[in-house]
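Colleague: Sequence:
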Amino acid sequence: MHDFAVVGAGPAGSRFARRATQRGQDVVVFEQGEVGKPLACSGHVSTDIWSFTPDGAREDLLQNEICGARFHADGPDSDAYRFYKDEVVSNVIDRVGLDRTLAAAAGEAGADVREGNTVVDLTERRDHVDVEVHSPDGLETHRARMVAGCDGPRSRVREAVGLPDPDELLHGVLGFTDEPDSQEFVDVHLTVPRFFAWRIPRGEAGVEYGLATPPGDDVTAQFESFTDGYGVDTDRRCSGLIPIGPADSVTTGRVFLIGDAAGHNKPFTGGGILYGMTAADCAAETIDPRDPATLDAYERAWRDELERDIRLG
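Each residue of the sequence shown is one higher than the one before, counting from 1 in the working numbering.
Just so you know, the hints here were simulated from the structure itself, not pulled from any lab data. One should not assume that every hint holds.
As the list claims (entries may be wrong) - Cβ-Cβ distance ranges computed for the label pairs, FRET-style:
no.	residue 1	residue 2	range
1	S249	F83	19 to 25 Å
2	T47	G75	27 to 33 Å
3	T47	P136	20 to 26 Å
4	E224	G24	48 to 54 Å
5	G162	D79	21 to 27 Å
6	A73	D309	43 to 49 Å
7	E59	T220	16 to 22 Å
8	K85	P136	35 to 41 Å
9	G116	Q22	52 to 58 Å
10	E305	E179	38 to 44 Å
11	E224	G162	35 to 41 Å
All figures in this text were calculated on a predicted structure; none of them were measured in a lab. Glycine is no exception: its CB is placed at the ideal position from the N, C-alpha and C atoms.
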């Protein structure tokens with residue numbers, strides 16, 4: 001029987017798997033597809049990202065360095081309000097590469113990372129959790145003392161155990177063009193109802209365009225209008241949901257949530273990579289898989305680390 005079964009090999013899941021394995025736990029990670037795909041998150045991150053990655057990751061993943069932003073109250077032709085610093089304040093990275101790097105680090109630490117394994121159900125028992133998995137070999141049932149739900153905004157783990165949803169889910173769209181752009185600023189547009197759009201230069205990798213808005217709005221039309229303002233056609237697009245606001249509880253008897261599944265995100269930007277990995281560290285440091293009472297310590301720990309920042313945005 002595993003100590004932990006981790007559902008989802010995004011940044012939060014892989015970080016938890018790595019840290020828990022380093023603490024001597026037996027960890028298996030189930031990723032429903034290929035690690036890092038499909039892309040559903042921006043590659044614009046804090047420079048603090050490198051404290052969570054293995055040595056050498058910065059050289060492999062860094063695409064551009066950002067020193068400031070231009071804020072627009074309307075489209076690309078509107079007046080821009082510039083906020084710059086004389087130092088690098090954020091980085092643009094290979095987002096798919098980040099997921100793969102973190103999953104590889106978990107595997108190197110000793111975690112059993114399994115791609116192409118979809119968790120379809122789970123059942124909490126007195127002393128373990130039965131995890132039903134659709135693998136390349138068919139339907140399998142695995143036993144773990146605890147389950148970490150790191151499976152994103154539409155968390156199947158969260159639904160299976162009846163934990164509450166995040167306060168709100170926004171719909172995000174990303175598109176990319178190939179022209180190199182190494183400018184040191186991002187463009188932020190406050191024109192989308194209740195959220196915003198952005199343009200992020202990715203160095204030799206091209207440019208990222210993104211937009212987020214509440215579900216129900218015509219996000220495709222809004223995105224096309226936004227990119228038309230820049231006079232570009234994005235040749236690659238992806239979309240996903242962005243949770244806003246953590247739930248009142250992210251734990252049950254033997255199950256806990258981390259990252260997007262738990263609503264560990266910044267409410268004003270939707271960013272959650274560092275918050276999710278910070279919560280993953282809290283979980284690895286506080287949860288004993290043989291003692292369900294330690295889940296209360298995890299709830300306290302991640303809230304002590306993140307709740308104030310989440311409320312302030």
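Colleague: Now tell me if each hint is right for this structure.
Modeller: We went through each hint and held it up to the structure:
1. Checked against the given bound of 19 to 25 Å, the beta carbons of S249 and F83, roughly 37 Å apart, lie outside it.
2. Our hint of 27 to 33 Å for T47 and G75 holds, since their Cβ atoms are close to 30 Å apart.
3. The supplied range of 20 to 26 Å is broken by T47 and P136, whose beta-carbon atoms lie about 39 Å from each other.
4. Between E224 and G24 the C-beta distance comes to about 52 Å, which sits within the given range of 48 to 54 Å.
5. Checked against the given bound of 21 to 27 Å, the beta carbons of G162 and D79, roughly 49 Å apart, lie outside it.
6. At roughly 26 Å, the beta-carbon separation of A73 and D309 lies outside the given 43 to 49 Å, and the hint is violated.
7. The hint said 16 to 22 Å for the Cβ distance between E59 and T220, and at roughly 37 Å that hint is violated.
8. For the pair K85 and P136, the supplied restraint of 35 to 41 Å is violated, since their beta-carbon distance comes to about 49 Å.
9. For G116 and Q22, the Cβ-Cβ distance of about 25 Å falls outside the hinted range of 52 to 58 Å, so the restraint is violated.
10. Between E305 and E179 the CB atoms are about 39 Å apart, so this pair conforms to the stated range of 38 to 44 Å.
11. In this structure the supplied range 35 to 41 Å holds for E224 paired with G162, their Cβ-Cβ distance being about 39 Å.
Violated hints, listed in ascending order, are 1, 3, 5, 6, 7, 8 and 9; each of the other numbered hints is respected by the structure.
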